[in-house]
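*Asks:* Let the hints inform the model, and build the full structure from the sequences given.
So the protein lines, in turn, are chains R and L.
Read in our numbering, the first sequence has 190 at position 190, and its numbers run on one by one without any break.
To convert, count from 1 in the second sequence and add 295; that's our numbering.
These aren't lab readings, by the way, just hints derived from the structure by calculation.
One should not assume that every hint holds.
[As the list claims (entries may be wrong)] Reference excerpt, derived from the structure (chain L facing chain R, CB under 7 Å, subset only): (1) P304; (2) S306; (3) E328; (4) G329; (5) Q331; (6) R332; (7) V335; (8) R336; (9) G354; (10) Y358; (11) Q361; (12) G362; (13) S365; (14) T366; (15) F390.
[What the hints assert, rightly or not] Far from chain R, some chain L residues (derived; all Cβ distances over 12 Å): (16) G359; (17) S393; (18) L458; (19) K467; (20) D471; (21) T477; (22) K487; (23) P491; (24) D514; (25) E524; (26) G549; (27) V575.
No residue lacks a Cβ here, since even glycine has one placed at the ideal position from N, Cα and C.
2 protein chains.
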Amino acid sequence: MLGTASAMPVSDRNPSAQALQVRGRFFLVDCGEGAQRSMVRFGVPLQRIDSVFITHIHGDHVYGLQGFLSTIGMGGRLAPLDIYGPRNLGPILKFFLSYNDWIGYEIRFHPLEMKEPERILDAHSSEVIAFPLRHGIETFGFLFREKEPLWNVHKEAIDRYGLTLTEIGTLKRGEDVLREDTVIPNAEVAYKPYVPRSYAYVTDTAVFPEEIGWLKGTDVLYHEATYLEEHRDKAVSRQHSTTLDAARVALETGAKRLLIGHFSSRNRDASLYEAECRTVFPETFAVSDGDVFEI
Amino acid sequence: MLGTASAMPVSDRNPSAQALQVRGRFFLVDCGEGAQRSMVRFGVPLQRIDSVFITHIHGDHVYGLQGFLSTIGMGGRLAPLDIYGPRNLGPILKFFLSYNDWIGYEIRFHPLEMKEPERILDAHSSEVIAFPLRHGIETFGFLFREKEPLWNVHKEAIDRYGLTLTEIGTLKRGEDVLREDTVIPNAEVAYKPYVPRSYAYVTDTAVFPEEIGWLKGTDVLYHEATYLEEHRDKAVSRQHSTTLDAARVALETGAKRLLIGHFSSRNRDASLYEAECRTVFPETFAVSDGDVFEI
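*Replies:* So, in structure tokens, the structure goes:
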């Protein structure tokens, strides 16, 4: 958690930013002002970020981007950087580059404009799905998912059956091995090395019915909870979520854990937000800058 | 001191920014990323800033500006804001406004292009002088000066001599009062309420001969000292100052106190910089974020 505040500056939190490590890759999700300093402070390796995901271009989600892009350039980066974000991020990146033509790496911008969930990154063992949110300007949420792994074959079974490489390949794909005289059932000799995990990042948004279906089965859900229930009117007019909005999404999607952030500067005590959510969804945690969660 | 680091992000310092209170007015000098959070943290009233002075457009001096401008706009600011900076800051402000047309206050940009010191702000009791620095791209230093105050007249003298309003006005201008039969000497009945103070902000720059004359008599000098002496080669090639460069400027201008900052991230221990400066100029202080100095 690199930044957990909302738009107005506060002394003890940076605006929105998170770093995510997924099977050896590092992602940066939103990049509010001060994100790069948080990365240094909390030990996130800036140069190893290979993809950046920006929800929307409100300042508290994007004003740290130019600093991050400059810094990795000054650090001698040559590896290309992928940036996923709404279309109106394009001119911002273009303007940045017009003032920073010395940068030695390529910025590959991927403008988002989907109306329903769409896979935007398809890696060997993980994938990222983007989906639209409701916040007045174009805003997107992101679902990070490990892919279903191949089956592993028990070592002792290889010896016992004298499995060939072709047969091991068959088992890794989840199929049974069919020999002339016998069948070696996959279930007997192979196992899944891990259960795929998933993490969703949902901010800024008013809640809306489709997100329940889109986020069904997500293990850990980060959902903004900008306002306490008493300020529901503000949440509605500004297209944000309240504590109970976020808690109900967690409950209805079957999440194992709910992380909340983006707290309004008018109520600074995060435990108030947490307590309200827990009346609906007990496994809620109000996050602070520097928090680390393992899924 | 809102930010005292140089360009590479470090965990314990923000990049360059300072707030200055001059006879009731608040100035912001440079605005590196995170400046607004430092202002909140250290109690600088954001909305009372009436003028911003930007030395140059390298990111560590200007990437906090958009956040600051947004935040005071969100806070409902209506009062105009004056921004002084190099000409290439103009398109940056223009681009910012093209994305933030909701802002309710006027930004008055004053492009700087002087080749020698020039007064850029002429207030009732203070003034600001800008002057060019040497840093590869257009860069300016700023000298903040209280004006020579009018003379005050001792209260008891008003009664003793039965001074008229006209005569008091004469005395306030520093002149003697000439009556038909006598002279009331200014020196006997009037006094200066304070000695004008001055503060210079000099970053980023290689040292150059003219700055000695331009800064002569400055009370407190903030001068960058990016490098320890052992890295003088880097200071020369990147047009920065070393510790002893800064100390010699303080010595030769007759400063009462030297403040140093903008320390390279390769040597994080500020006491090393301070110790080197003190071999030449004992009244040197390495500044930290949150430090407050009264002149």
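*Asks:* Going through the numbered hints above, which ones does this structure break? Give me the numbers in ascending order.
*Replies:* 16, 17
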